[in-house]
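S.K.: Okay, here's what each chain looks like letter by letter:
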Amino acid sequence: MPERYVGARVRRSEDERLLTGRALFVDDVQLDGQLHAAFVRSEHAHGRLRDVDVSAARRRPGVISVITAADLGDYWRPGPLLVPPPPIPGLIFHTCTQVPLVRDKVRHVGEPIAMIVAQSRYVAEDALADVVVDIEPLPAVVDLEAAMAAGAARVHEHLASNLAAHVVQRTGDYDAARAAAHRVIRRRFRYDRGLSAAIENRCVVAQWDARAEELTIWDTTQAPIPIRNGLAARLGLLESQVRVIAPFVGGGFGPKIMMHYPEEVLIPWIAMQLGRPVKWTEDRQENFFATTQERGQVHDAELAVAQDGRILGIRDVFLHDTGAYDPYGLTVPINSQCTLLGPYDVPAYDTEFTAVFTNKPIVTPVRGAGRQHGVFVMERLLDLAARELGLDRLEIRRRNYLSRDRFPYDHHILFQDSAPLVYDSGDYAPALEEAAKLIGYHHFLHEEQPRARAAGRHVGLGIVSYIEGTGIGPYEGARVTVEPSGQVRVATGVGTQGQGHFTAFAQIVADVLAVRIEHVHVVTGDTREFNWGTGTFASRGAVVAGTACHAAATAVRTKVFDLASRLLETPPEGLELVGGAVRVVGSDRSIDLGALAAQANPLRGAVRPGTEPGLEATAYYGPDRGSTASGVHAMIVEVDPETAMVTIQKYVVVHDCGRLINPMLVEGQIHGGVAHGIGNAFYEQLMWDDNGQLQNASLMDYLLPTATEVPPIVIGHRETPSPLSPIGLKGVGEAGCIPTGAAFAQAVEDALADFHVEITEIPLSPDRLFQLLQRTPPQRRNQVIVEGSYVFRLPRAVVWDALQDPAVLVRALPGGMALEQQGEASYHGAMRVGIGPVTAAEFTVRVTLLDREPPQRFAMVVDGHSGLGFTRGTAQVSLEEDAAGTVMRYRAELQVGGRIAGVGQRVLDTAAKLMTRQGLELVHRELAGRRTGEASA
Amino acid sequence: MKPAAFAYHRPASVDEALEILHAHGSDAKPLAGGQSLIPAMNFRLARPGVLVDLNRVTELDFVRRDDRGEIHCGAMTRQRTLEHHTDVIRGAPLLAETMPSVAHAQIRNRGTLGGSAAHADPAAEIPAVLLALDARFIVRGREGTRSVSAERFFTGLFQTALAPGELLVEVVCPPPPPRSGWAFLEVARRHGDYALAGVAAVVTLDERGRCADSRITLLGVGEGPVLAARARKALKGEPPTPAALREAAQAAAAKDVDPPGDIHASSAYRRQLVGVLTRRALAAAFERASAGAGDATKR
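Chains A and B supply the protein sequences, listed in that same order. Residue numbering for the first sequence follows my numbering, beginning at 1 and increasing consecutively. Residue numbering for the second sequence follows my numbering, beginning at 1 and increasing consecutively.
Pulled out of the complex, with its shape left as it was, chain B reads as follows:
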């Protein structure tokens, strides 16, 4: 389990990294926390000719809250930082709360926000949460910077909107709207394993206590994170009664996904988990929304 030979670069700035990526084209691979790439290289599944180590690019490691309450996280922000940073806890609490479900503390100490997002593993928690939060992805290339919505960023199985030579540099999470609540739930074989299925839910109530909107995303059950459109539609304008939640969960399980089967869980079992977890996550999210926990300063 030794990797094939590769050239190694350790740029100090984004500009420098972009130059190297451009020079080597698809043969180059950015190295962030290395928690997926390095094992893949040791299995010789991944054989990049050039590794561009971003760990010295300090300008990518930051968390900042702006005047509008949006949380800006540099792509090299460690997952462990997301878990403990006050601005993230207050401004993007779902992201902070999900972190303990991402592998183990040791892995989160190395693993980064941008690495996980750009890797776009269908069973990863971070892409699903960023999609539920309707985050924006700031992408830089030699030509300039662009902003990509979460829905457009995740394009398929390990696929993103990143073009060769581009780097994800920042993720921006909008603040939770008033009267909103959120929850993250997953079922994994062991704590920290790839989830068999998981759900991130953000719900907002209107003044009358009905569901104004919801963003429910599912992980481990599709080519990438799945935004549950049918469940969203089923909930819209409904009071969050147990029956309404059941119906939305049913819609998610039956219509929003066609889960894959693998050695750990059949398609039918995953479908069942989607239903159960969606119902439970919605219950928790609505409870929070109606209890006023949607005030982002409380936790």
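Chain A extracted, bound-state conformation:
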């Protein structure tokens, strides 16, 4: 037992349960008579819902219930605004929150349309294919700038445009700063993010006990108490009738806090309706659409800088993608806006953003929560300024750091929690020096890099600073109880998702009560255990709940001394806590805490007026504002310019989260964060096409970094205590991933110095890096294009006539089965398409011929739909006569939706080319056969 637990590398109390498989996760909950839910989700990003036919699904054996929006009656209601925007003057905010099931319009792929409850998830998924959804597609709002252009389709038609919010914050006089500047550096930056990709997807189980009139909900939420309160209100129950349990949760990272997800609203309701427990476990396909995510911003930023490198001012105007709804308010873009300032002295700051509705899933904070975007803009601007001014990268940062004597430092703008952006404490320059030392900055620059370059190798270094606003209010609480066994129980309202709360809170309490950590038992995330709290978010669990644990333990200690003072007839000042007992200082007279707890709860006799039974106390901690953590990341990369592949060779983090509770837990948070950041920088990207279809909706194509992509990380700890918390804590949960993109960009740019590549965007895939090296403009892959020509050894008129004939045209369709003429130039039919492992699926097809100029050219649109999704091919075809016969030239664009779009991209190009070629060959053969037939007739 160390002298003090706080500050020591204490092993995690929760790991034994986790590693031996005894920890309860929501999906482990198995109840008698439990049913399983699955959701019919939109294949279209934007469209009017004309009809949902669930009759066949209701008839399927094993299906218990199928629910559409119409079936919900009064229970159908958009969700609340979870985080109202701060009171910034002139702020515009349009609240448009998510709905439980789509009633009239779908606004993103994956939005739920109907819920199926069945005996098993297998049957429920079988029934998904029985539901016939009729959606009239509308143009999808995807690109941020296009979304704000005049005449753009509107995600919410009651609004005048796709503007969700507009916020301007100003401090100082930027125009004057600009006028006085030696240089003004201006660039456009793009920073995109992606999934939280927790290892455990979301899961909800609900059980209504009709006798007790109690609803129990197991939920993978980060915020069990607000979920309980919100559901009780929605369902018309007392808060005390609803119990929400967030047991062990396999990673949260932000998106597991919503108010509420449609499934969170629907599963408890249907469980009450049916009187049977119902479970829904999100699968990985659903997770790409049904769980919130974080995405891109486009910044037009400029830095006014003095000749010596001092920042005179910054102006930043950016667009923020909020997705189809904005229930989480402006947390993410305000974090971007505020965190951009970093550890620097910025005398004038002029910042403006527009949040934009798009036909994509909802954006809410994901680890880092918009801070990455701001850090990237600032650090890139400083790198560019250093280069223009001929300054060293470290030097320009040193010259702009807020020095340690300037705290508390007020930036005079508002933070996401509505409090003024005030840094509590910090000491930035020494962290930079330590990181430079750990990465070997000077040695690398003066020896390693020149040597590598001489050998034809391209190595580069990145080193950047950042701050993170952490540990915001409003409050958390904790109850500490000493039981007669001498064991201590700690209950708090926050949820836990792997951070090590069980260990960290126990360390704090064990120190205050001088007990062994094994005797401290922590409970989190069960509303029956603790009634008040907000949740785990904003790197605040340890800071806010940890400080509350400290306060509650301290109150218990006072009770311990009061009671012991009476029993031992010694004033409290003469007592001390040692090894689980209270002792009279300098004597061997003592009472064990357990015995004292028994004494505090007598079965007979009198309790003194004014005292409470037991050794128990509940306390709360609510900081006025957050504490500001900070750090420096540095990395060395090697780039192969021929293959555009990047390898990270070394990674250094120097981090300051105030007083360390447990360096090992802090390192774990940093490791995970850096992995998340590396994913963001080089691997992970949600790729949407112009129709709002996600083109990489599986972990086969959405590339999470694995152990082979994350290098060992060297960590240096610094401790600048927060003056706000009695134990000096600051948060660390998000820090690791915040500056990674900025450091990566600087390092890759440095490695490719010979190529003069400038990196103003993250993620930077090798494909994009190849484009930068080739100096080609950004090419977003959007649809498959098949172009080519085909020679028919037949006269043009014959070819033309044949191509208007459904009996011939059907041959051109892959697996074409039948085609019937419907109108003058439209045909209806079916085709069966399968490739390799994909079982042939039947598509209903509509072919329309347009712009016909016989016998020279026509256009053809082929719409196909099947259980796998939909396809739309648009082809321009021309026919020319030449000596060989007729030359057909074609250019076809193929759009896909649904599962084909999400998981089929890898072979789409090849398959489309193959099918086009095969179709044309079949047409030719059919025609040649007819000619032969004619000739022989």
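Note that these hints are calculated values from the structure, not bench results. Don't take every hint at face value.
Covered stretches of chain A (in silico footprint by chain B; criterion: 3 or more residues with CB under 8 Å from a CB of chain B, positions within the stretch not fixed) [to be verified]:
hint	stretch
1	280-293
2	339-347
3	699-711
4	762-773
5	827-838
6	908-919
Computed from a predicted model, the values in this text were never measured in an experiment. All C-beta atoms in this analysis are idealised placements derived from N, C-alpha and C, irrespective of residue type, glycine included.
On the provided structure of chain A, position chain B as indicated by the hints.
M.R.: Leaving out everything else, chain B in the frame of chain A:
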């Protein structure tokens, strides 16, 4: 992500498996290691009505070296076995050396040689390597057994010469000729991912140190593994100078492939990778050939 309902059979012999496959026709699908089929079923992309699990067909799990030095591998040989089996390491070293590039150890513990070959994924390593090695494919049906060359076995996108009701039972790799060298290289986004592009190369030198022949195969850039004929022609009779390798690599990139583009790599980027990887793989293969590493007993 639950599969649609299916019937499940677990035969104990090839004969039994062939009977079941015959009885169910195209509705039946053999299950080998399941590393591609099972995910496809969970996505409900694949919906076989009948699954014929070959994992108890022990007669398909063997590695044998014959008198002529040919390596015979049963179709159910695990990829992990190919990686570590002495006979494979000695007799078909390119195959053994490529295995670490095939996904991850956990996947190779289940994944099989025959499963990967019969699946014929255009980005898979095993088909490209078997094509570079000029392997023979032993195919059995109810009617009998036939042997198919690699060039005829891989017929297109996820397509092979296997007819419905037939099973791939064995793959035979000829021994490396004297004075030969080999190499495998690929670029994947993460280790174990489908390669953006990859190259398997087997080269043979003549007595004067010139390229007698080469079999260069490309993966991830066509409908199936691509045998680079233009590159082969460019090399034939040439001493393996850097200029000759560059020219052959250029021929491979410019003429042997018309790579597809997808979300991970444009066609142009894949073409660049084909050139770079072919040049590098040839350099490594020729170095091995001239260093006498072509002696199959050394590694």
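S.K.: Just pull the numbers of the violated hints for me, sorted ascending.
M.R.: Violated: hint 2 alone.
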